[in-house]
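Starting from two chains that each stand alone, build the complex the way the hints lay out.
Chains as they are written, first to last, in the working numbering: chain A, 1 to 319; chain B, 1 to 275.
To be clear, the hints were calculated from the coordinates, so they are not data collected in a lab.
A virtual CB, placed ideally from N, CA and C, is assigned to each residue, including glycine.
A portion of the hints provided could be inaccurate.
Said to hold, decoys possible - Listed next, the stretches of chain A that the computed footprint assigns to chain B, with coverage defined by at least 3 CB atoms under 8 Å from CB atoms of chain B:
| hint | segment |
| --- | --- |
| 1 | 19–33 |
| 2 | 70–82 |
| 3 | 167–173 |
| 4 | 218–231 |
| 5 | 307–317 |
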Amino acid sequence: MTIQEFEQFLAELDDNIAKLEQAAQRTANTTASTEVQKLRTQRDGYVERFFAKLTPWDNVLLARHAQRPYALDYINALCEDFVELHGDRLFGDDGALVGGFARLSGQSVMILGQQKGRDLKERQRRNFGYMKPEGYRKALRLMQLAGKFTKPVISFVDTPGADPNVPSEERGISEAIARNLRELAVLPTPTVAIVIGEGGSGGALGIAVADCVFMLEHSFYSVIAPEGCAAIIARDATKGSEAARWMKVTAHDALTLGLIDGVIKEPLGGAHRDPAATAEAIREAITAALVELTPLTTDELLARRAKRLRGMGRFEPVA
Amino acid sequence: MPDWFRRPVPTAAPEGAFTKCTKCGAILYTKDFERDFKVCMKCGHHHRLSADERIAMTADEDSFVEFGRREIRAEDFLQFPGYGDKLAAAESAEDDARTDGLVTGVATISGLPCVLAVSDFEWGRLAGTMGSVFGEKFACAADRALDEKSALITFCASGGARMQEGLTSLMQMAKTSLSVAQLDKARVPYIVVLTNPSTGGAVASYASLGDVIYAEPGATVGLSGERVAAQAQSVKPPANYRTAEFMEEHGQLDKIIARKDLTTTLAKTLAFLGS
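Bound-form chain B, shown alone (with noise of 0.2 Å):
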């Protein structure tokens, strides 16, 4: 049999090379992957992106300069079980790390400035969730907003309220929501985009009170867990129930924007806010 039949050794990729789409199973070229700000180029799902990465892609380049990065630190008030550990492993060694999962400082987007206020919903393994490091960081860049005159951005990204923290996660619900109306009476624009999973205590309140409310193809909204929301239900659900396609269908938000064009919606609805 001729040598150039023989089906060739395959050679092992280089680590890393590929990655596999966690909704359909694609593989794709990582490189691709990531110049597609991980969406996947054969099914559009969009997988999700730490705060890094989502400012990395929305931000002018070098325009993000952070702050709060390590100022204030959640507390096990309550000694609730595995709380104090999960804290304590949240933060990385490094001498930098952050100390909550929620990313704030200015930055601009087609030369417009804007406050950015983002959810790292891995941070810590506590899914994005509101605790009181949260409430404080989100009402700071509220007023950074405020005495800049500029805009605030805030991606969600949550589980809702950090029940580790009890009633006074819960209470972070009201605090935000007092920093959205400061703005509404400054008349500082105050957008927000919904991305994977936006859901609980998070979308009933900040997150559901933008002046103009995008969201990401696919991402999960809703206010019921999914438990919840599989056992309560008196009729059938529909198939897109909590996504949000639905909440577009019932014009709760205002439109769902594929992940490439999001930077550039941004620009538009910054220069008609006028910030």
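This is chain A alone, in the form it adopts within the complex (with noise of 0.2 Å):
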């Protein structure tokens, strides 16, 4: 069973079960009412057990998921007094990334995000989450200013990948993230990064290069989106599956890979399901992370970055 067919058989039973409830309350039917709960159990069975199972490409779906709690989810949940800043100061403003500042359990923030659509006319001012040269710019912005004031930085990642369209790289894409990977790298204040959805290659990079990064269980990052490895490997497309497998792109593979620094957990059956424990969890992760990174020193926490990103690689020394 794929999990677009596990989902909607999963749906039916969520219906049924609302239905049999509401029907116990209206007549009071105590039986009713055990029969209902046997029935949220069996269903949690069914959910444990699918998901014990769930492959890399099941894993890229969830990440993908319509329903998906997006950054800006997250950031009502878990934030107050968020101000959101716009513009790059250079040519626009990027619906694709929403930035500003914050408050998270009682600290300042700078909180950034890449923000999909829920709807079409929302997808396309988002560009469906693919940011262009002045999101990242406008990224930049916001971090160098939360470091001007050593404010930590949050940034949440959801992106298919960066703007491939020929107006962005007119206006210097790759520059845009390149300059990215080069300022986050000496940022002097701490950063964390959480992949929610889809880290998408290069796209989601350009605001992830962090102190700390952790991705949501069911979230994916990739260095080529499945279909594009399939495509170029077995000059297949549809092959995205076997791809997702090949390239080992689920949060415990990079974790097993010493890419990230934790996994956290979704609720039972994906982030869609419970978005408001996804953010508590969310909230956890991100407050151990900054009372880890606070305590250091500008310096201590350059070289403990500096250490982190040129560690990162595996080869072996030739005999």
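Below is the structure:
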């Protein structure tokens, strides 16, 4: 069973349980209530069993799930006094990246997030989460603003990739990403990045170079979209499921490879089944990271980050 | 019919005496072609150079001293289909065969010292991609430049990150960019030359960060791969899309420089930046 089929089955099940529950409440029928409870346990069992055998491709589809919470959902759930700041001061304002300052568990932070849209209109405005050069430049401007006043930066990563269209190339999409990588390597303030959905290649990395990087359990992070990899290696873009397996794109893979610091557990069935609980899990991870990072002096912090980035890579000595 | 009127039987040209331009099809004397640094004298097409050829035409004679030639080797740690075989075939049988497509070393150009990091596109049929070994060798070259306070010059020829190493290869973009940040902070000059092709993760990291960025005429330069670029367009791309010329037109690089002038330009640049 694919994840789509399972989700459909689950939706029907949820629907039936809800109907039964309503009926039970209306008639104050206790046997019906216990029946509802039994059905719930049974459903959770199904979900548990399905998720125990989740394939990397199921995971990719979950990360792209239309109901999956987006950056703004988490920002709204986690932050008080969020003030969105706009524009790169050079060309425009990119809807695919939201950013601004906020208070998170009492602490002032700069918060950034790649944002997809929910409906067609918003999707168009946000370019489906594909950031343009002005987005990366806005992100850098805000991060450097945070650096200037030593406020931590929290980034929510969720993008299929950087915008590949002609106008973006004209305005230097490569340069914009590259500059971010260089500047984030030496940004004088603690940085935390959380991959919440799709970690699409350089487009994701452009805001994700950080002191602590977490991934939600069912997000994925990949050097190239699985479909793109399949198109190159197998000359067949439909073999994305195999490519997802080859490239080891899941959160647990990234942790095993030593490329991220932690996996944030999602509620049973995925983040979209309980966004509030997911947000709280994210809050815990961020708080823990900031407890570790905030006491460090800027020099210590930058040395730690440099060591971390420099250590990335696996190779063997030549005998 | 007099003998001199007869068409003489053509004697076969010696093997390799002629080279056909892959762009315009012109037949060129190999000697002239090599003298022109593999640039077609008819159409000006810049043919691909190996790293060794590149170094030979760039560095002062006998000044190049390679380092890191055989220190580390790529690992197929994801067991990615076909990668292990590719790696095994990539290294030639010689005792001193290189273990990666990035060639690093110290050299002088017109007497000015520099560190060179030159990508070999053909090495191992891996399209100059950036894997872990690339990242580490690039970082070592930058460290050397920092230690010696001499400029780092890199020649980019890359299809981007090496997907056979998964997410680890993406992180090489961050790793190389960190090295550039360190050069930046220490005010050590960093010069990039974009050659054909400079695409994907390479241009989205170290190759777009030069204090000065040059490119060879006609080189493919752009973030997205050809197929992606073709599929994704909402507007019709201009004829010179994804070329050095397009990038120069849009202010994304400093200057396109013909191969014959490249070495003197690099020397001038080094002199200006005070290497």
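Going down the list of hints, with the structure as the test:
{"no.": "1", "hint": "19–33", "result": "violated (count 0)"}
{"no.": "2", "hint": "70–82", "result": "violated (count 0)"}
{"no.": "3", "hint": "167–173", "result": "holds (count 7)"}
{"no.": "4", "hint": "218–231", "result": "holds (count 7)"}
{"no.": "5", "hint": "307–317", "result": "holds (count 8)"}
Hints 1, 2, counting from the list given before, are not met by this structure.
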